[in-house]
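Throughout the sequence shown, residue numbering follows this note's numbering, covering 9 to 610 in sequence.
Because the hints were derived from the structure by calculation, they are not lab data.
Please note that a few of the clues may not be correct.
[Claimed, not checked] Derived DSBU-like pairs: lysine-lysine, alpha-carbon spacing no greater than 35 angstroms straight-line:
(1) Lys493 to Lys249
(2) Lys490 to Lys213
(3) Lys218 to Lys166
(4) Lys282 to Lys249
(5) Lys215 to Lys487
(6) Lys533 to Lys487
(7) Lys282 to Lys299
(8) Lys134 to Lys154
[What the hints assert, rightly or not] Okay, the calculated beta carbon distance ranges per label pair:
(9) Leu36 to Arg461: 30 to 40 angstroms
(10) Glu245 to Gly426: 53 to 63 angstroms
(11) Ser355 to Thr575: 20 to 30 angstroms
(12) Thr506 to Val331: 30 to 40 angstroms
(13) Glu245 to Pro18: 21 to 31 angstroms
(14) Gly426 to Asp593: 27 to 37 angstroms
(15) Gln217 to Thr113: 53 to 63 angstroms
(16) Asp409 to Glu245: 34 to 44 angstroms
(17) Asp409 to Ser355: 44 to 54 angstroms
Even for Gly, the Cβ is constructed at its ideal location relative to N, Cα and C.
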Amino acid sequence: MSINKQSLQPIINFIWTVADDVLINKFLENQYQDVILPMTVLRRLDLALESTKTKVLKTYDEFKSKINNISGLLTSELHGSGLAFYNTSRFTMKKLLADPKNIDTNFLDYLNGFSENVQDIITKFKFRNQLKTFEDTGITFSLIEKFCNPRVELSPDKISPMAMGYMFEDLIRRFNEKTNAAVGRHFTPREIIELMTHLVYLPVKDKIQKGTFLVYDPCAGSGAMLTQSKFFATNPEGEIKSKATFHLYGQENTGEMYATCKSDMLLKGEDPDKIKFGSTLSEYGFEADLKFNFMLTNPPYGTSWKQDIDNLNVGTEKKISIVDKRFNLKIKNFKGELEENCLTSRSNDGQLMFMLHMLSKMKDPKDGGSRIASVQNGSALFTGDAGSGESGIRQYILENDLLECIIQLPNDIFYNTGIATYVWIITNVKDEHRKGKVQLINASTEEFYKSMRKPLGEKRLELLPEHIVKIQELYFAFKENKYSKIFENTDFGFYQITVHQPERDEKGKIVLDAKGNPKSDSELKDFEKVPMKESIKDYFKREVLPFAHDAWYDDKKMKVGYEISFTKYFYKHEPLRDLADIEEDIMLLEKETDGLLNEIVA
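Go ahead and model the full structure; you've got the sequences and the hints to work with.
Okay, here's the thing in structure tokens:
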């Protein structure tokens, strides 16, 4: 599944020159991608249709007045393009160049000739909005000529969908860096996708050799997760070699990425109608009862989902009340009783909401169950106090024994962030030896990455195939070592108790309330997290009373919390340097500065 990225750079660089050669002084810098990205897609579609153009036009002319809907004929192998789309215009991009005087009128005719599914792509790119500027500034000919240059070889026969996805992402990353925009929330490095697909499919490879399977990405971006995962499962030269049928489903709420994804699905021979536009959380595009065998995603983290809350909320501004069943789940209270809760994360970070959404789309275990791989940042592990929505989501996942493994990735592995990221593996069909347990793998150390010769945005490190194999081996071994830890689900749970101390008057006497009980001093109130597997009374006696002998807690007002701390479990103590070594370094520095330090201090 590797891509020769170096071979793609000349094409990417040439496309990039369109901005300086054609668009400069005609469009603002932040508008360049509104022209270059759709033109790249259109040229790719144009090349895919080139060999069947004559056949399509012949069929169109013969049957357009005889049959109301001739889409079936125009996409057929025998009479049409043999693809899921077509173009009935007399023009191709190259033919447009033959009539420079009428190129603007002809270009519109060319665009209008595309089938309905491509019209959707053009609309989501908002490409027609640019046509008047093309005509007013006289750049239409130069722009099309650029994309018809042999150096821009975008044919699907020459550039695979996987490679094309990389090219799009590299271009968008460059655009965003140039304009200081938020970079690449859609983009997952290919080696991370490879790791995710391995951990999703390999554990069940014997069960997916035949049949039909549904694969889903609720944050589809350019569609790379979907197409690459299918390729891994079905590649005849790969590890699985499945002959099963895999249907790809996805949803994306950014117009340009939706258009990019849908165009690649068209070229790949996938069903473009299985890619939906809109917000997954508040505008889910598929039937409510549709379930998926496999789900892979890299949801936006640290990104507001307030608009979704506004669309879903039926309560007051102070309290979110969402009736959607995806987000109302039963978790245990401190008494061990199941209670239904509306589980929502804070409005400025919706990543765990996508996790809940995917949990609702899992197939029943009796139907084969589901496996999920999702990238999350550190806040999904520990943000949110006991009783919060985030903690409740982790609680639901762990209480229902859905979390199989979490892998910490190296920092600086993504294009847009240098922070710690984690791959969660979720399933409702755990192997027997994994039931009731969670494996944590620390793959953040130098044994699991290589420094890149040239950084790409924030991405300075990469996983090589041998690093992915190392992580796989740790996963399948399911043993404790310096990189792998095994825990029981309840190891991550705790009870949050409120510790009270009595209020005292000026003479130091305890102040009593109306019932004769000590009055709690609000300034001394504190909270303790008691591990779920430990007796609260024993903990309180050991950890609190020796330091506050008259403290107490209310055992009727406790909260349940869940958090996962990689730092605690994989903490490596770094001893302080010896004083003599520090002194020696200072003396060496003094010699190097030729007595300057001594003069300053004197």
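Hint by hint, here is what the structure shows:
no., hint, in the structure
1, Lys493 to Lys249, "holds, 32 angstroms"
2, Lys490 to Lys213, "holds, 28 angstroms"
3, Lys218 to Lys166, "holds, 30 angstroms"
4, Lys282 to Lys249, "holds, 24 angstroms"
5, Lys215 to Lys487, "holds, 24 angstroms"
6, Lys533 to Lys487, "violated, 42 angstroms"
7, Lys282 to Lys299, "holds, 13 angstroms"
8, Lys134 to Lys154, "holds, 21 angstroms"
9, Leu36 to Arg461: 30 to 40 angstroms, "holds, 33 angstroms"
10, Glu245 to Gly426: 53 to 63 angstroms, "violated, 35 angstroms"
11, Ser355 to Thr575: 20 to 30 angstroms, "holds, 27 angstroms"
12, Thr506 to Val331: 30 to 40 angstroms, "holds, 32 angstroms"
13, Glu245 to Pro18: 21 to 31 angstroms, "holds, 27 angstroms"
14, Gly426 to Asp593: 27 to 37 angstroms, "holds, 29 angstroms"
15, Gln217 to Thr113: 53 to 63 angstroms, "holds, 54 angstroms"
16, Asp409 to Glu245: 34 to 44 angstroms, "holds, 36 angstroms"
17, Asp409 to Ser355: 44 to 54 angstroms, "violated, 30 angstroms"
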